[in-house]
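Asks: Taken in sequence, the protein lines are chains D and W.
Here the first sequence is numbered in this note's numbering, starting from 1 and rising by one per residue.
Here the second sequence is numbered in this note's numbering, starting from 1 and rising by one per residue.
I should point out that these hints are in silico values taken from the structure, not numbers from a laboratory.
Take these hints with a grain of salt, some might be off.
Here chain W is said to cover these stretches of chain D; the calculated rule only asks that three of the stretch's residues, wherever they fall, bring their Cβ under 8 angstroms from a Cβ of chain W [claimed, not checked]:
| hint | segment |
| --- | --- |
| 1 | 30 to 40 |
| 2 | 93 to 102 |
| 3 | 108 to 116 |
Note that the coordinates shown come from a computational prediction; the quantities given were computed from them, not determined experimentally.
Each residue gets a CB set at the ideal place from its N, CA and C atoms; glycine is no exception.
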Amino acid sequence: MRPDPGRVLQGVAVNLLTNVMQEIRTPFGQQTVGIAGSLAMMTGEEFDRAADRLVTENRIVRALLAEGLALVDGRAAPAVNAAIATPVAPDFRVSSLLAENDRLREGLIELQAALELSPSPEARALDERIWAELIESTRRREFKNRLI
Amino acid sequence: MEAQIAHYLEAKLPARHVRVTNLFRIPGGASRETWMFDASWHEGSEEKVEAFVLRKDPPASLLDTDREVEYAFYSTFWGSKVPVPRMRWLEPDPNILGGPFFIMDRILGCESATRVIIAPPFTAVQPEIARNMYEILAAIATFDWHGTPAARVAQAPTPETAWRKELDHWERIISEQELSPQPIMRAAIRWLRANPPPPAQRISVVHGDYRVGNFLYQSDGSIHGIVDWEMAHLGDPLEDLAWSFNESWQWAKDGRPGGIVDRETAIAHWERASGLKADPTALHWWEVFSHVKCQGIWLTGARSFQEGRTNELILPLVAYTLINAQDQYLLRTMGRIA
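When you get a sec, could you build the whole thing from the sequences and use the hints?
Replies: Right, dumping it as C-alpha cells:
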C-alpha cells in the first residue's frame, strides 16, 4: 500500500501535534493528543521493521538453543529441546513470528539459567554469547523516530 | 462529575449546598486518575472555599494497589517532618464516581513537573531541592511507624526477609503480567536471589516511588508535599534511596538522579540526616531490584491495554518507550553495557 503506512502514521502524528494540539483546551487533553502523536510515529516505525527483527532474532535464538542443548542436562534439557522443536512460523504475519519468538525466548531463559550453574568454559562462553544477543535484542527494539 | 462530587461533599461537610468548580484532570497519573477542583459552601453567613485533589481508581492501570493503604500512609505522616497533604475522605464505594476514591487538601503554589525542575530558574536551586529531598527521605526512613495507620495496613518483614518479600512480590507481578518472556529481567532476578543483600539496618516506611516527580516544590528550593504513596510499604530503607537513582527518572539524561543531583551528594545528605549507612553492595542490590520493579509496573500497564480493560494511551506509550529502555538501564547497572 502506498503511501507507506509508516509515512501515513507520520502524517497523523504531525497533524495531531501541530494542528490539533493547539485546539485542545485542557492539559490532560493536550497530553492525550501528544501521546497519540508519539504512538503514531512509533507504530509506523514498528510496522516496517517488526517482521525483519523477528525473523532475524528467531534464527539467532534457534542457533543458540541448538548449541546449548549439548551443554545442559537435567530439568533444562527438555525445556530447551521443546523450544527448539517450536515450529517455524507458518506465515510472515507479525503475530505468528512473535508467537515463535516468545517460545524461543522462553527456552533461552531456561538455557541461560542452566548454563549459569555450569563451571565449564564452554558453558561460560555460551552464556556470554547469550548476553551479547540479549544486548543486541534491546538495540533492535530502540525507536529512532520518537518525537518526544 | 461536578454534581456527583458536590452531592458527596454535602454529606461530608456542614453544608447543604456545595458548589464544585474548576474541575480538571491533571496529566500523568497512569495508576490513578488525579483530579483538581474547588468547592465552595456557606457555613452560616460565611462563604468557605477550599481546594481539593481527588484520586480515583481507573478501570485498569499501571498498578493494582489498594487506595486504603495509600490513604493510611498519607495519614501516618500528616503533621510530621515529612510534608504531605491532609487526607479528608476515603470512599470505597465504586458507585459514587465510577471507582473508589479519596479526597485530600490541595497544596497550593507549588510545582511538580519534572521538565520544570531541570530548567531555569529551578536549576539554580537544585542543590537546595536535593538536600531537602534526601533529608525528607531520611525522615521517612527513621520515622517510628509503630502504632500508626501504616502499621495497621502493612505487614512488617524482618530485616532478614525484607529483600525477599519485595523480590517475591515483583517477580510474581512479572510472571502474571508479562505479554512476552523477559530474559533480561529473569537473569537479573536469578542474580538477585544468588546475591542477597545484608539484613536491613532497620525496618522503615518505604515510600515505594520516591523520586523527582513525586514531590511538590517551590522556587526557593523548599518541598511542601510528598505525594503518590500508592506503593508504600514497610521494608529496607535502602529501597527508596536506590529507587530514586533509577535511570528512568534521570530527567536531564545526564546521569544525575532526578536530573538534579549527583548520587554521591544525595547519599551524603541521606546518611548525614538519617544516621544510616548506604552500604555500596546493598545499595547496588536494591538498584538492580529497582529495574525489576519498574518492569513489573510497565508490564502491568501493557497487559491492561492489550486486554482492552482501558484505552488510556499513556499505557502503550510507557510500554513502547520504557520496557525496552528498562532492560537497557538494567544492563547498564549490571555492568553489561556502558
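Asks: Check, residue by residue, whether the segment 93 to 102 of chain D contains three or more positions whose beta-carbon lies closer than 8 angstroms to a beta-carbon of chain W, and give the verdict.
Replies: Since 3 is at least three, the answer is holds.
Asks: Counting residues of the segment 108 to 116 of chain D that have a beta-carbon nearer than 8 angstroms to any beta-carbon of chain W, does the count reach 3?
Replies: Check passed, 5 qualifying residues.
Asks: How does the coverage statement for the segment 30 to 40 of chain D fare against chain W, requiring three or more residues with Cβ below 8 angstroms from a Cβ of that chain?
Replies: holds (count 7)
Hint compliance for this structure: no hint is broken.
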